[in-house]
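Colleague: Protein sequence lines correspond, in order, to chains A and W.
Counting from 0, one number per residue, gives the positions in the first sequence under numbering that gives the first Met the number 0.
Counting from 0, one number per residue, gives the positions in the second sequence under numbering that gives the first Met the number 0.
Keep in mind the hints are simulated off the structure, nothing from the lab.
Incorrect hints may appear among the rest.
Residues from chain A that face chain W, not an exhaustive set, calculated with beta carbons under 10 Å [as the list claims (entries may be wrong)]:
no.	residue
1	15
2	29
3	39
4	57
5	58
6	59
7	63
8	72
9	80
10	84
11	85
12	96
13	97
14	109
Capping the alpha-carbon separation at 20 Å, the derived lysine-lysine pairs in PhoX-like fashion look like this [stated by the list, open to error]:
no.	chain 1	residue 1	chain 2	residue 2
15	A	31	W	141
16	W	17	A	83
17	W	94	W	161
18	W	49	W	141
19	A	49	W	31
20	A	17	W	87
21	W	94	W	136
22	A	16	W	80
Glycine is no exception: its CB is placed at the ideal position from the N, C-alpha and C atoms.
Below, each chain spelled out in residue letters.
2 protein chains.
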Amino acid sequence: MPEKLKKSIRDVPNFPKKGILFKDITTLCKDKVSFQRMVDLLGHRYVGKKIDLIVGIEARGFVVGAALAYKLGAGVVLVRKPGKLPHKTHKESYKLEYGTDTVEIHKDSIKKGQRVIIADDLLATGGTAGAVVKLVKKTGAKIVECAFIVELDDLNGRKKLKNEKVFSLLHY
Amino acid sequence: MPEKLKKSIRDVPNFPKKGILFKDITTLCKDKVSFQRMVDLLGHRYVGKKIDLIVGIEARGFVVGAALAYKLGAGVVLVRKPGKLPHKTHKESYKLEYGTDTVEIHKDSIKKGQRVIIADDLLATGGTAGAVVKLVKKTGAKIVECAFIVELDDLNGRKKLKNEKVFSLLHY
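Looking at chain A on its own, in the form it has when it is part of the complex (with noise of 0.2 Å):
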């Protein structure tokens, strides 16, 4: 039952702005159970399914994508800001509210045809996981859908990700 889930979500306003109710999963991540419970309901959707790698966008992803990957027995593949990855990059830019962000992926951390899992925290307007999407697939990868813990679904994030498949373990 994932929805039992959202006990250990904690709500916290105005941040990281006013008027923006965060939904902070650190209070999940750091309930063992829920923790566990999480990184299983993601992962039995995946069993099976042959997956290579799971890509983990910066940061929280992170937690989300290493985890699931030694669910999984998979390798852990990282998309980062600018200038963290030490080696070839692939680059992509997308607009935010003001002004526009990068995410990075080495040229070589994934190889033509490799089956991989995008993986985040939270789904909200799209704008990140859109790019993410753009990025992985300069590397040839087959992405299998992008996985979230959290989906905002007033945002209609999904929309930039039309072409993908899409899953979150929980709706607000």
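On the provided structure of chain A, position chain W as indicated by the hints.
Modeller: Below, chain W without anything else, positioned relative to chain A:
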């Protein structure tokens, strides 16, 4: 045989700046056999040690910490850079070569007496890890050990963790 993992770690010269030979663990993480072995080797060390929580240090420590937490049936707590955690935090500042840096942890992330491992990918000068030890102690946690994938022995980071047990899977 942890030493075998060294084959999966890439040396990147002059990153993040000239004269530094960077130990890139992303090549280890993307290799599923190496990644699983890394987590298993670290994890076996703590089986039966009643670990409640793994404290992962932003950002690569989230990868190590989350996978290790899942393996051990523990929860995971995030130590983050300033302003990233949404709720009330303890803070600890430490000196860098130029200026200072700060790490934060949620005040309510660890209960007094909980048994924790502090996890990161790399122990270099020990500046960050030393600050994280002080930070974690503010919660009243029992630090069982500080665990790293890679330790750069010449930089003597252990000296900054002298009151703690320190374990590194690989030494250079």
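Colleague: Against which earlier hints does the structure fall short, listed by number upward?
Modeller: Violated hints (numbers, rising): 12, 13; every other hint is consistent with the structure.
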